[in-house]
Amino acid sequence: MKNKLYSKTIHEVSDLLKSKKISTKDIIDETKENIDMWESKICAFITLCDFSGSRIQKGRLAGIPFSVKDNLSTKNILTTVGSKILENYTPPYDATVVDKCKSSGAVIVGKTNMDEFGHGFTTETSAFKTTLNPWDLKRLPGGSSGGAAAAVACGMGLFALATENLDSLRMPAAVCGVVGLKPTYGRCSRYGIIAMASSLECPGVIARNVNDAALILSIIEGKDEKDANSISTEALDLLCLKANKKQNFRIGYSRNYLGDGIDPAVKSVFEKQISALSDQGFEILEVEIPDPEAEDFMNNIIYRSEVSSNLARYDGIRFGYSANDVKDSFEQYYKTRSAFSSEVKRQIVTDTLAVEESEKLGRLYIEVQKLRGEFSKKWDRLFKNVDVLISPSAPNLALPVGFGKKSGFIGGVVEKKTADEGKGYMRLQGMYSVPAVLYGFPAISIPIRLSEGGLPIGINIFADRFEEEKMLCLAKFIEETVGFRGLIS
Amino acid sequence: MISNELTKIERLSKLTRIELTFSEKIRFSKELNRFTESTYLKKGNTRRPMSHPAGLVNSFRYRGTRAPLSQKDALKNSKSISNGYFKTNPELVCSQDEE
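Quick note, the sequences are listed as chains A and C, same order. Under the working numbering, residues 1 to 489 are what the first sequence spells out, in order. Under the working numbering, residues 1001 to 1099 are what the second sequence spells out, in order.
Only chain A is shown next, with the shape it has when bound in the complex (with noise of 0.2 Å):
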C-alpha cells in the first residue's frame, strides 16, 4: 500500500475510492505514514490534527486530506498565522474556501508553517519553526506558504489551501517541485483569510498537478455574500482540460525576466522551455512589460498602508495574545504588541509611515491608487496581443537556510554580498510576481525541471483576468509534454 497513493491525482484517488478498490481508512494510513516519515525532518505544520475519526462526507473531495494555511480561518483549529500574537487563537468559524473543501468531503490534515502574518518569503519568520525543502534539508521552501508546499511536495494531504501575496504561494510551490495557482482577484472569496493586505491577497491551491489545482479552484470558486470583494463569474469550465489539445495561444515573455541576479540553471531551464514551445507550434512574442520599479513602488506602498491597517487591532484585548501585569491600557498595548516578532514591527513601523506620510504627499495611498488604475490600462493593451505571459517562477533555486536573515530582508546581521544578492533576487522575483498580485491576473506556476543538483525549477504563467482556462490548457499540455513527475524518493 505504501505511497501508491502520493504519486496518484486527486481524481484518480476518487474513483479507487467509488469503486471500493480503496478505502478512505487505506487514505488517511497513507497520509499518516507520510507525516511520520517526513513532519520530524521538515517541520511543514504548526498543528496537526487527528484526523483518523474524521466523518466522512459525501462529495467530489470524499476522504481526499488537504493542509490549510495557518492564515485561513478554521472552526475549533488552532490558526495562529505563524505569530505569538495569535498563539492561542481558535476560530469559531471557517474561512469560505476551507468551508467548501469540507462540505465536499475533504478531510484536514493540519494547518501549514508560514512566515509570521505572511512577511517573509522563507518562513524563516515564523514564530514557532522553520521549515525545510524536502528536496535538500538543508534548504528551504520559499514562503510564505512554504509549509503548505513542502506538506504537498511529501504526500501529507494531496493538496493545500494558501494564501498569495505577492510570490507566497507560487513561489513556494515551484522551489517544492508542485503546482502553485493563483485565481483572478474576487474569484474566490477571502472571508476568513486572516487579512494582511487586503486588496493584494488572495486564496489560492498548491498541488501535485494541474488537474488537481484546478479540481481544487473549480470548488472553492464562486461570489460569496460574506465578501464584497469576490464576484460573480461563469464557472471554471474543467472540460478544456480533458480536450487535451494544444490550442494556439499567442504567449509572451519579456527579455527583462532574464537579468542580472537570475541563476544560470533557472535561466537555461527557461530559455530552453521557450524554444520548446516555439518547436512545438505556439507563436512566441517578445513583449515590453510596464515598468517593474514603478510597480514595485506601487506595490510596496499598497502593502505597507493596508498591513499599517489591518495589524492596528491587534491590542490584546479583543482576541490573541494579550499582557498581563500591566498598569494601565498603554502599557497593555505595548506589552501585547511586543509580541510580534521584529520583521512583523519593521513593517508595521515603516508602513505606518507611509500612512502617516499620505497627508504630507496629496494622500499618498490614493494617489498610488491611481497609477495603479493607470498601469493596469497597459497590461489590458498587452493582454490584447498575447494570451499569456510566462517568466521563470523564481530567479534562484531553493535559498539555502539562513538566507532570508543574511539578506537583511527579515532582519539579523546584513552582509554586503548576500544583501547585493537578495536585491537582485528581490527585484525579479517582483518582475515575476507583483503583476498578478497588483492586477488580480490569475497565475499558475508548474515544476518542469530539476537541477543538476536535484532541486525543481518551475514556470510562472499567468493571463489576464478571468482567463484561467487559457492559462491552465497551456500548463496542462507543458506538464505533459515535460512529463515532470515530482516525487520525492
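This list has only true hints and no planted wrong ones.
In silico lysine to any residue, SDA-like type, Cα no more than 25 Å apart, as pairs:
hint	chain 1	residue 1	chain 2	residue 2
1	C	K1079	A	Y334
2	C	K1008	A	F330
3	A	K226	C	A1074
4	C	K1079	A	P91
5	A	K18	A	K242
6	C	K1025	A	E331
7	C	K1076	A	E87
8	A	K4	A	K32
9	C	K1087	A	A312
10	C	K1076	A	N88
11	C	K1008	A	E331
12	A	K470	A	G281
13	A	K377	C	G1055
14	C	K1008	A	Y365
15	C	K1030	A	E293
16	C	K1008	A	R363
17	A	K272	A	N256
18	A	K226	C	H1052
19	C	K1076	A	Y93
20	C	K1079	A	D50
21	C	K1087	A	D328
22	C	K1076	A	F51
Source of the hints: derived by calculation from the structure; they are not laboratory data.
Starting from the structure of chain A, add chain C where the hints point.
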C-alpha cells in the same frame, strides 16, 4: 540626520504602540525615506483611484439578517468567559499621556 530619523522612529513607535529596542530603532530608521520619495507620482493625475484589482464597482454587502453564530459556539473557543459573555482584561485608566 540620524537623530532626526531616530526621533521619527520613536514617534512611529508610539503611534503604533510597539516597543522597539535601540538596535531596532537604528535599523528601521534607515528605511524611512525609501517609500515616500518617488518620481512616479504625477501632480494632477485625474484618473479615478483603482478600488478593486478586477474592476468591481458598486459592490455592497448583503443587507439582510443571517443566522448568527449561537452564543455557545461564539464563546466556545474563548480563553475566558463569564456568565455567557467574553471576559477581557479590565479597561485600565491610562497613567500617561498617549500623545
